[in-house]
Each structure stands twice: as structure tokens, then as C-alpha cells.
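Chains A and B, in that order, are what the protein sequence lines are. So in our numbering the end of the first sequence lands on 1205, straight run, no missing numbers. So in our numbering the end of the second sequence lands on 744, straight run, no missing numbers.
Don't read these hints as lab results, they were simulated from the structure. One should not assume that every hint holds.
[As the list claims (entries may be wrong)] When the alpha-carbon atoms are kept at most 25 Å apart in a straight line, the in silico PhoX-like pairs for lysine-lysine are as follows:
1) K581/B to K480/A
2) K1135/A to K704/B
3) K674/B to K650/B
4) K704/B to K1082/A
Given next are the chains, with one letter for each unit.
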Amino acid sequence: MKRFNIVGTDVPRTDAEAKARGTAIYTDDMKLPGMLYGKILRSPLPHALIRNIDISRAASLPGVKCVITGEDTPKIKYGNWRLFPETQDEYPLAVEKVRFIGDEVAAVAAIDNDTAEEALELIKVEYEELPGVFDVDSSILPAAPVIHDYCPSNISVNRKIKYGDIEKGFAEADYVREDTFTMQSVSHAYLEPCSALAQVDLDGRITLWTSTQVPYIIQCLLASTLNMRENDIRVIKPFVGGGFGGKMELRAWEFCAAFIAKKTGRPVKFTLSREEEFLTGRRRHPMKIRSRVGFKKDGTLVAKDLRIQLDGGAYNAMGPTATFLCGNFGAMLYRYPNYRFHGEHIYTNKPPASAMRGFGAPQSLYATEIQMNLAAEELGIDPIDIRLKNAQVSGDKIPDVATISSCGFIESIKAVADMSGWKEKRKNLKPGQGIGIGCYSFISGGVFNWFNTQYPFSAAEVRAFSDGTVHLLTMASDIGQGSDTVLKQILAEELGLNMGDIRITSADTSMTPQADLGSWGSRVTLMAGNAVIDAAKKIKERLFGALSARFNLNVIHEIECKNGRVQAVTRPDYGLTFGEAVALVQKANRGEPLVARGSYTPRGKGLVTPAFGFGAQVAEVEVDRQTGLVEVKQMWTAHDCGTVINPRSVEGQLAGSIQMGLGYALSEQFVMDGGKTLNTSFVDYKMPTAADMPPSQVVHVDTYEPEGPMGAKEAGEGLASPTAPAISDAVYHATGYRCMDLPVTPEKILEGMKKD
Amino acid sequence: MKHHINFSVNGDDYSLAVDPWRTLNELLREDLNLTGTKLGCGTGDCGACTVMVDGRTVSSCLTLAVSVNGKSVTTVEGLAPSGEELHPIQESFIKTGAIQCGFCTAGMEMSALHLLNNNPEPTEKEIRAGLSGNLCRCTGYNQIVEAISVAAEQIRDSEHEKEER
Ligand code: FES
Ligand code: FES
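Turn these sequences into a full structure, and let the hints guide you.
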């Protein structure tokens, strides 16, 4: 393992003190002189034509400054997949038709919240209700109501992957099984409700502060929906109270804030209520997964045929990416010599599903992992052994996808089996007690969505000053995961400086170098980290040149940045402080500031991702056989995220993943009545509290990712996947009930035990 | 009809007129610009808005502003004793990694303060129970629980020192 000074240590988050003191400013904390308060009117119907909207009474209410409907806007559709305009299916405000309960119909801005609220009630909308569809099976029937005219089949995306010879593979199999799995929809449930504040300057340019993971995407899409030039829009991401994939698209309130600010000349702020978040918010895709797998007698996998239908809700949102990715994740973890995938993204009249931590992996890998256990049992092989037999290793190629450059999967499986005492416990637990396993692999950023733009995948700028400090500018977005700290750690390491010597400006699109796709798909550490290193190396080149001249160093001398100095490695006395060296470069260049830009673009890494993380998790549970209640007693995790840049942060990510995974497995679920979300508060939407969390033990498997910055890759998002299958498998071990339709509820367990 | 109320926040006295339906959360965030206290749900379910009123924690989103007439309110901005210094709870939250997005932090710290005021030596179970009204979606709570036990120890140690002096 490589040794570092700052990378690999528990540096406290650089924003932690401001957050601990309550001085960190989030979007809704901001107020500007003359600011108006915005509210959105939403559709109460899941599918309807808009016949008429009468805003006259609302507009004449004292204190109301602006009321808009879709008809007032430029009516330009948007969506994150700009490269495929046909997938852009959403208007900022509904035009002619609404497609889910919560679809945005009109917006109001007034001098205060109460007035805005009152005005909403005065808007009269005449709807003509249309029949709706609420599940994928009915949506694809030939006679089903059409949700978008451009898409008569209601199937908006078809994605196929194929390699090897699937028929031949199954013909060679000694054992074939086919299973169907379904998964529920769950909420990101970030604690900070979405908020956006727009201001227009004297030249008509717009500044938008918004709670987002993707400032650059907001900038582009806002520009296109407003018919403005990209650089006439400045997007600033203040502190963000969590995202988990739920804040990565342009949304109606961001558009409305900007549009109304332009119209009125006054700043406008919209902040959603928690009820709006739950009732209408983005969510994880419910999926229906049919998977056929073939094995040799000895447990060797020979083929997999995977069909996934995603219930996308009313718009594409990030669904096309999820459709793409769940097929890629289906081919991960194990070696499938013959593989076929067909994914369909299907419209229904429900709130759109979108990206959520794991992005297709939690669903796809739930099926993979449970099916592995089903097969292991039939073949008479221990679940650990069947995994070890088929596990992917460094150097494996996934056709058309990538070569896995580093992989600690086998080590993870072995470590977690050891830690948990698997062999003993799987044999000897008492009735009602169980132990189960789940594994994951995840991407370190996507390649597929950005490869044919003129931009790098990530960019960084480093400015060096003669007082020994540097300023790092990057569009990478810290949404609570800690990327500002990690990028500073990487820069401090590279330049031999302390954390305190670095100022960072991140995620302000008018200041930070273009571009960066934002925080999602676990791209930041690897991609932005590499961009930072690239910029730092260019600064070092300049400093080393100056030092070499100053001390008349022989060209073969190695020079380093260390402990705040720039010096010859073997003769540290031939050296200067970092600030002196910067001054020297500036003098040599007659005052020109010392600035360097860096960027990262994966090359020759395939279309999916430059690097994969891996890991395995074991859960131990106790199930009350009278009530069906599950208590998770302990979690063990072993994972491979390459070099650990900040151990505490990685452990925090892991614990957070377990919380989400525990909820996904046992308690979280959107309860729907047709198109209506019934549980719209934290009381009715049950996410685990501090008292529900099991003790947990973790080991980081020691690997080094050659493509990653200082050997690092994805950490924390992949871990959203293994918890549900591990707990579900443990419940099976304890009770004999095998869950094929998440979540695992007490009712299902009791029912399942009866059948036994 | 607005009501006139007198109250103090973090030691500062205020006197102002408020609508009877205005919440303490709005009073703090909108009227006094004390935005350290957050609003996560507005229905008393998440704990992000937790503050102290006369030494007891309340959900400021459910508390009416008029009800703090004559009372003293402490928010996260009043937690640190003065200027540069941090409260041991804040210090341990920073050190242990208990803060990710930070949106639950103010409420968590206020609940921790209440817990430690009433139970200076809480067990892990008691800490977890004490946080049951505070939701966090980022940390999985473990580092928050650790932070509170570290803070408890810190506070006990410094009380000892005081006594010995
Ligand atoms: S905002 Fe008050 S409890 Fe959630
Ligand atoms: S740190 Fe994000 S909600 Fe707790």
C-alpha cells in the first residue's frame, strides 16, 4: 500500500464547524431585498386534459405579484438526456395535459408565503379527466391510455445488451432456473426539502441558488427552457441537505423562480413542503425483474437472461439511465460467459421515478443475489462457495463494457465470511435466527452520458499564491458526502500543503471551470480527484522548473513538494518554501499569475465506467415467529473502494447506506392508491431511527485502482445494494420464507411460514 | 390581530408583534434571521427544528411563537459559549464525523444537549432512545451516537477539573 500524509487520514470535514454552529447557509436560509415567495399549484388528478385555467382572482389578490401557467412559458421540453432529444418529455409547467398527481400546473409569487398560499386556492383549473394506468402490466396493453402522444406504446426506452451465445449457454447448463422479482418504490427522504432562489441582474442575466447535485445540468437546461444562452445563467449550489439522486434534474420550481424573477425584476424563492416532497417527489423505480440463469453441476455459471421492466411514472426523468444501468449491473459480480438483457422503461400515471442511490443496482442486484442463493441451495453448495467460484477478478473483461482494472471481490467475500463466523452460523443457528449474504459492485462515474460533448468529465483550476496558499476551483458538488474535503485532501497531498492552506470554491458555474456533471453515479472522487491532480501536476512543473534554475540543479535531480516546501529530494537544502517558489515563478514570468487548469476524461475505459467498486455484506437477524417482526442483530461489511481517502467519511457513508438498505429491506415503501401516494409524512413513511440501527463492523479491503486518484474509486453508493438481499436471505435462513417481492414485511413472513 | 410578545433568544431580549398562527420556527428563521434551526417537515416528525425553551426541547415547527412570551429560547447559534470556542457537543460532532449534509445537525445537537443535561452518563441505548425524534438520512446515526458519548465524557472530565480547582 502506498503511504500518504493527508490522504488516508481522518481529516475532519472542512465544512463541519459551520454546520455544527448553524452558520452554514442552505438555499432556504437565504433572503434578498425585495424577495418574493413562490408556490406551485399541482394537479390533483393522475391523468387529465387541461381545459381552462382562470388566474384572474389569484392575480388580483393584494400582495400577489405574478401568476404563471404553462401558456406563459416558452413551452420548451427538457430532460437530462440532451443527446437524445426524443427522451426530453417534460415541460416546466404542464401544457394542455397533466400526467400524475402533483404535476406542476401554475406558479404564484407573492410578498409572503401566506399570500402565495392563498392565491393558489383562487386559481381555477378545469380538467377533463382521462383514464390512467398505474402499473407496468396494464400500461403496455394495446388498449391502454397513451400517456405521451409521441410514445403510443407507453414504453419510452428499450435497452438491449447481449454477448456470448445465450442459447448455447443454456444448452450447456446442467441446471436452469427462472425467477421473478418485484421491488417497491422508496423515497430519497433527504432532510432538506428542495429550494431555489433566483435573481436577475441589470443586464437580464440570472443567478440561481438551488439545492442541487448538478449545477451544470441545471445551467444548461434552464438556459434551454428559458431560451437564453448558457452563460447568461449562473447556478450556485449553497450547502445542500442531502440528495441521494433526488436532486439531479432541472425541476419546475427552479424554472419558475428564474422565469418569474425575469418577469418581475425581483428575487423569487420557492421551497417545497415535506408533503409535496413525499406526495409528488422523485423516487426509486419499482421494477419487475425476470431472470433466467444456467449453471453447471459444480455451480459454474454459464448463462443469464435478464428482463427488467421499470415503472417510470409519468416522465422519463433519469429513467433512461436507470434502464441502461440495471442491465449493466445484472452482468456484474459474477462471470457470465453468455448474457442477454432487455430493459424497458414504461410510463404510468404516477410521480416519476428517477435516480436514487445505487441507480438501478439495488433492484438488479437484489435479484442476482437472491437467485444465487436459490441456486446454491438446489445445487447443494454453500452460498459463499458458489460466489467464490464465479466471482469477477481484476483483469476480467465485460464485453462492450470495460475491463475491471482493480477488484477486491473475492477478498471481500472471504473477509466477511470470516468476520461473521459464516460457516458455523449458517449451520448452527436456532430457529428464528438467521444469517444471510448480499454483495455489490458499483461504478465510479458514468461514461455513457457525456462522451460526445466538447467538455472534459471533470475540470479543476488551481491558483497558487506567494503567501503559500492555493485556491482550488471545481464544479464538483458537495451535497453532504464530503467531496470538498476529499478534493482538498488530494490537492494538499499532491502539493505538500496543509488543509488550511487551501481555499476551495466549488459548484458556482460562473467561477468554476467547465464542466462537471455533478455529484451522482459516484463520479466525484475519481473524476474530479483526477482533474485536481492534473492541475496540481502542472503547477508543480512550473515550480520545479523555477527551483531547478534557482539552484542550478542537475537535470536528473528529482524535486518534490513536501511539508510546505519545494525541494530536491536528495538535497532538501536546495529548496524554498512553497510561497517563495511561487514568487519565483511569477518573477520569471513578469508578474503573470500562477494558475493551472486540469481535467479528466476516461479513455479506453469503455462506455460504462472507468472503475468498479466491490463488496460483500452479511446480516444476522432474529425473527419473532409469533409477530413476524425482524430484528437485525449485526451487520458485517467488507468492501473494496481502492485507497481510502478519508476513513471516517467512508465509514459514515457505509452506515448511511445500511440505514437506507435496512429501510429498503424492511420498512420503507410508498403506499399507492392508483396514482395517489398515501404516505406523505415521516410518520407514515417509516425510515429507520437511531434505535433501529444494528451494530456494524467493517473492513476496507486493500486494493489500488490504477485509474483512480491516488488509487481511489467509488465508496458509499454501491453499498446501497447488499443490505436488502443480506437481510432478506437471513430472514429466509431464520424462517424459511424467501422474499421475492420487496419489502420483507411481518405479514409476508407469517404468511410464508404458514406455507412451509 | 397581532400579539405582542417579549422573549429572549440566546441571551438577547426581543419584543415584537406576531400573528397568532406564526410558528416559533418562522419567528426564528424569518423574523430574527436565525437560520441555524432548520425546517425538515413542519409536522413535528423529523427533529431538524429542535430548540430549547426554558431548558426543554421543543419542535419549533409545532410551537406557536406567542407561546414563548416571557420565556427564554436557546438555538444552535447559542450553543457555543462564546466567539471562537465550541461547545463540547459541537466539537465531538465535528471530530467523529457525525456531520455529513448537516441538515439534521442543529436538531441533533439540541437533543444531545437536553439528553446530557438530564443524564450526564448515558448508555448507548439511552443515547439512541434520546435521538428517536431526530431523523438523519446521511450518517446512519452511528457517528452521531459516538459523538454524544464522547461529548458526555468531555463534559464530565471538565466538571471534574472544575471541582478539583
Ligand atoms: S421541522 Fe419540526 S419536526 Fe420536522
Ligand atoms: S447529516 Fe444529513 S440528515 Fe443528518
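* State the violated hints by number, sorted upward, taking the hints as numbered earlier in the document. => Violated: hint 3 alone.
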